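Once you've looked at the hints, dock chain B against the given chain A.
Residue numbers (full-length UniProt numbering), protein chains in the order written: chain A, 1 to 446; chain B, 1 to 293.
No lab work stands behind these hints: they were computed from the structure.
Some hints here could point you the wrong way.
Said to hold, decoys possible - Result set (EDC-like, lysine to aspartate or glutamate): computed pairs, CA atoms no more than 20 Å apart in a straight line:
#1 A:K377 - A:E390
#2 A:K340 - B:D123
#3 A:K321 - A:E393
#4 B:K269 - A:D392
#5 A:K364 - A:E56
#6 A:K111 - A:D212
On a predicted model such as this, the values are computed, not experimentally measured, just so you know.
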Amino acid sequence: MTSDRKGNSSRSTSKAGRSLITRRGLVKGLGAAAGAAAASGLLPGPMRYIQAQAAEPIRLGFQVHRTGIGAAYGRWYEQTTNAAVKTINAAGGINGRPIEIVAEDDGTDPKRGAEVVEKFATKHKVDAVFGTLFSHVVMGSAPTAGQLKMPYFVVSEGHHVASGALNRYTFQPGITDVRSQVISMAPWIASNLGRKVAMIYPDYAFGYDHRDFFSAAIQGQGGAITALIPVAPTETTYSKYFAQIPAETEVLYHVMVGPGVLTFVKEMGDHFGSSRPQIFGFIDSLEATDLASPGLEFLDGTYFWEAFPRYAQKDQSEFDKHYRAAVGVDDNGASTADPKEVSTYSHMFGCWETLYVIKAAMEKSGYQKSTFAQKGKLIEAVEAMTAFPESDEHPQGDKTFNGKLHQCYGHQFISKVEGGRLNVVHKTAIEDGLYEPETDYTKKAL
Amino acid sequence: MSLGPHLLLAFLEGTVSAFVLALTALGLSLVFGVMRIVNVAHGEFFMLGAVLAYGFSSLVPGLPALGFLLALILSPLAVGAIAWSADRLVLARLNYNPEATIVATIGMLYIIEQLVLTIYGPDAHPVQPPISFRILFPWFGYSGYKLVVVAASGMLLLTTWYLLMRTRIGLVMRATQLDRETAQNFGIPVARVYSLIFALGAALAAVAGVLVVPIQQAHYLMGLDPLLLSFITVIIGGLGSLRGTLIAAFVIGLSDGMFSVFFSGTLSKIIATLLVALVLVFRPSGLFARSAR
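Just chain A, with the same shape it has in the complex (with noise of 0.2 Å):
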């Protein structure tokens, strides 16, 4: 690249002797100009699509779990991220230049996630990365995009960015946090389901935000924690962690993550049969999971967190419609290729909205170049952001963003499982699941 770089400019010079203009000068400039037209969306349509194609992309990476337990979400991550730049780039790409999408895969592990940060930033040379969603691997990777000043966009809902444990460099500005989630939705779960609750949740940073805020909620509603029971995230079987649950134990609060999910589902159903608890879960717990699946026929009548309704609701939005057709996922929430392939809709949608963000605030600052300045100026371009209204770019509904926090807040769903799909019972507020700031990234050095 570099030398191919020289060699070209070497050329140029030497042509530039015998002519004022050169070729290749000219369509640079001609480029420029378009460029500057596209950015301030003065060409049209068309034309803006031809231009985004001959200028040099702006290059993003992508931090991907093809591999590890986040895998079968990576792979949703990577198919919403292909149709999303593909729409992105029709539609003129960012300030006149195409996305182009550095993919590599971190493997679901903290070390790796670091590593392919530092490749990103030395090798590939990208203006951003985005994409992580695990949060253990967050914890991993953040630090390094810190310390190459490098704007890290996480697509992960844990608590980490909002509480201040990260950098001015990583932002979360696609999907909301653990802690606004359970807080807008513990009324609910207090007033319908019941105020005795035992939790079963990952032995992990995730699972953390989960006890911590979802304890400290459910107390706030005169509510009472039975039984705060950890699961390691290795584990295959789940028999035993059922045992725990004390028998006054009014709703079991259930999150889960990994490939070992519908084992916990199944046997879930064969510890309780029908005198079971009020069952409420996170979505996590079956994302990517068919609920026609063998065993799963037992959480009819239970309820589950969703950010993105997995089935299509009768008051569907246009931009739901929109999205879903983009991405190539169902009414059901399965891949229109394969029916058999379940989405991971409740998540897969903040790389859509992540890209658009990202966009917006790129288009804002007039960013050009991959250097400290206009990456800086990048960093305040989000920050200074205040809302996302629901829109084609932000299908999943309105949000606010806090630029102080990184983090944004929106509206959270309750489905009841009926008949083996998810209907939407109650969708909370934005201000549902508002809490006192923690952090303000905008005083901490760029």
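Using the frame of chain A, we list chain B on its own:
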């Protein structure tokens, strides 16, 4: 739940994991005992069994019992065939050199894992149990299929014991284990016996994988846990000792059940690992290893 039901659940869980572990570890122990090969790819044969079971059982949609039966027969055969070719193509060419075969089986581990990821994908897939019923205790319900797994594993263990101790092929295997060169001088086709043993060891792991898949689902990373537990079992039981392997499997399986019900799953793994350390310190060749010949 009070102590009694807790204990019952711990015992049930422990028994299931003990039988599955015994089946898996037996294959590893057999391969080490006869061929002196530390098969690091053993867990991948377990995983292949489960993944192929998903494939075979979906060939008969609507009839879970028939699909499962098909998988129970075809998966171990297919995995055995793969292991047989791996032995012919790789291990035999290395002259079963202990160091080289460790590296070679590590290579197999990665190749199998990546091939399964490429072809089968990263998702975990469920397989419907052949019979599905719930045993209702006064305090909790329990999957009836898990007890079927115990019965099936028990029968397979008995069959393997019979094969090794009471049949001609078993005699040939034992002779090869005792002294490779003398066996060869007596006209035993050692090369063929080795391939057969490697295939049998892999098939045993695959059977365990098939039996487990209606409980756990098939996933490309599921081989790691059985591999580690099998190693722990084989080390505690004594490398190459089948009796020791079985006893160790039951000790580890049951203690795993007890500790993880009463304390935590992580603690039971810590204790198993500690047990390995103690065995290695005080009886380096394992609890039931025969003296070196």
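Those earlier numbered hints the structure runs against, lowest number first: Failing hints, ascending: 1, 4, 6.
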